[in-house]
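Make a model of the complete structure from these sequences and hints.
Protein chains: 2
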Amino acid sequence: MLTERQEQILDFIRDFQRGNGVPPSSREIQRKFRLSSQSTVIGHLRALANKGQIEQLAGRTWGLKASAVQAHLFEIPVFGTIPAGLPAMQEQVPDETISVNPAIFGVRRPGPSQVWALRVHGDSMIDAHIMDGDLAVLERREPREGDIIAALVDETTTTLKRLVHLRGRPVLRAANRRYRDIVPERRLESQGVLVGLIRREGANR
Amino acid sequence: MLTERQEQILDFIRDFQRGNGVPPSSREIQRKFRLSSQSTVIGHLRALANKGQIEQLAGRTWGLKASAVQAHLFEIPVFGTIPAGLPAMQEQVPDETISVNPAIFGVRRPGPSQVWALRVHGDSMIDAHIMDGDLAVLERREPREGDIIAALVDETTTTLKRLVHLRGRPVLRAANRRYRDIVPERRLESQGVLVGLIRREGANR
DNA sequence: CAAAATAGCGTTCAAATGAACGCCATTCAA
DNA sequence: TTGAATGGCGTTCATTTGAACGCTATTTTG
Chain A
1 MLTERQEQIL DFIRDFQRGN GVPPSSREIQ RKFRLSSQST VIGHLRALAN KGQIEQLAGR
61 TWGLKASAVQ AHLFEIPVFG TIPAGLPAMQ EQVPDETISV NPAIFGVRRP GPSQVWALRV
121 HGDSMIDAHI MDGDLAVLER REPREGDIIA ALVDETTTTL KRLVHLRGRP VLRAANRRYR
181 DIVPERRLES QGVLVGLIRR EGANR
Chain B
1 MLTERQEQIL DFIRDFQRGN GVPPSSREIQ RKFRLSSQST VIGHLRALAN KGQIEQLAGR
61 TWGLKASAVQ AHLFEIPVFG TIPAGLPAMQ EQVPDETISV NPAIFGVRRP GPSQVWALRV
121 HGDSMIDAHI MDGDLAVLER REPREGDIIA ALVDETTTTL KRLVHLRGRP VLRAANRRYR
181 DIVPERRLES QGVLVGLIRR EGANR
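Residue numbers (my numbering), protein chains in the order written: chain A, 1 to 205; chain B, 1 to 205.
Read the hints as simulated data drawn from the structure, not as lab findings.
Please note that a few of the clues may not be correct.
[Said to hold, decoys possible] Computed list of lysine-lysine pairs in BS3-like fashion (alpha-carbon distance at most 25 Å, straight line):
1. B/K65 x B/K32
2. A/K32 x A/K65
3. B/K51 x B/K32
4. A/K51 x A/K32
5. A/K65 x B/K65
6. A/K32 x B/K65
7. B/K51 x B/K65
8. A/K51 x A/K65
9. A/K65 x B/K32
See the structure below:
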């Protein structure tokens, strides 16, 4: 729908607006794309406005409407399954992102990639009332005894389990009697501690 | 800390910025407060900036930084208990507000006061894995058979139950065998349909 | 009491800004 | 093939905008 150029300009406007809280002026767009005429920018702005991407704010500059900018401010990446051998989660492309203020979950410093979400598979945590399809919101921090964590066991995929210790050894315990404790053979790596849960009604069935 | 006048002006800037996505110009503030000199506004802006309330955005207008504005955009009111006889929920003061994009829950048009949240009390919906302390996110729309709704029964307080029909009559059914069906004597009023759930880990215990 | 902060008036100024008009080249669908 | 859409150039213009300087009066605070 959008042309290459229009996409570029829209991206620039969005980034600028997110960073500065104010959309760029037509001259700033002009400089950015090294256009020698400012009227070229006006043309692009008009095109973007016709396509409903931007609008004139308070009769002044052209930019994204407030909700569109802000919808991306508190973005939390959502991962389906975390493949093994990728501890650098920042590198991964999330399945989707959700817009939630992490303050709800009592997270103090919502630094980037400190908070993320994992789509829950299966019913191993059902006794903790965590359902298949739920989004587990996790914070990257040191786990404490009894915390529910997203754990990478022996470099296999990530699972959500409760962390307990038996005879000094860490054990991952499901919240479902039909599942047995997981005792890591080699390594247990916590990728985050459960701080909250988001369920979309209807998405679980 | 802020003077009366500064408070007024800051409020105006905040409201303007939320509504328009752009802060007001000094002239617009001038008109609003019927000041005959524009330099008066400059003085107030400088004072507000010194007190850390506003800052210059992109070297242009003075306004609130993006995060401060946007933290209040997708605000969902959270109610503890909805008292009886107050169908006009808009009139009520929420216990708190949370900042979540309703799009997560598949709500198309997040009009004001279309979406709200109810703090769950008790374990009557525990078999649906809704715990005491959870926030039930609700949308004001017509309920369908089997929906979980926030219902006002016979003008008493609001409860969260599943709506079913027995012999043509609406019945509220708990998701817990220890609770009996509620058959409304006089009136059953749905205040919203469950569209999602938010749980703060640690808040339930 | 004196000094600082607050609140305001009136005016001027340079720079920034959106908008417009005319013109040209390319691409692409009808 | 023809017209619309896209992308771009160059220029001009009226308006808006932040900023500054000087002045006065009241209120607050050390």
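Against the structure, the hints:
1. B/K65 x B/K32: Between B/K65 and B/K32 the Cα gap is close to 22 Å, so the pair holds against 25 Å.
2. A/K32 x A/K65: 21 Å, holds
3. B/K51 x B/K32: 22 Å, holds
4. A/K51 x A/K32: 22 Å, holds
5. A/K65 x B/K65: 16 Å, holds
6. A/K32 x B/K65: Between A/K32 and B/K65 the Cα gap is close to 23 Å, so the pair holds against 25 Å.
7. B/K51 x B/K65: Roughly 14 Å separates the two Cα atoms, so the pair holds.
8. A/K51 x A/K65: 14 Å, holds
9. A/K65 x B/K32: It holds: about 23 Å lies between the C-alpha atoms, which stays within 25 Å.
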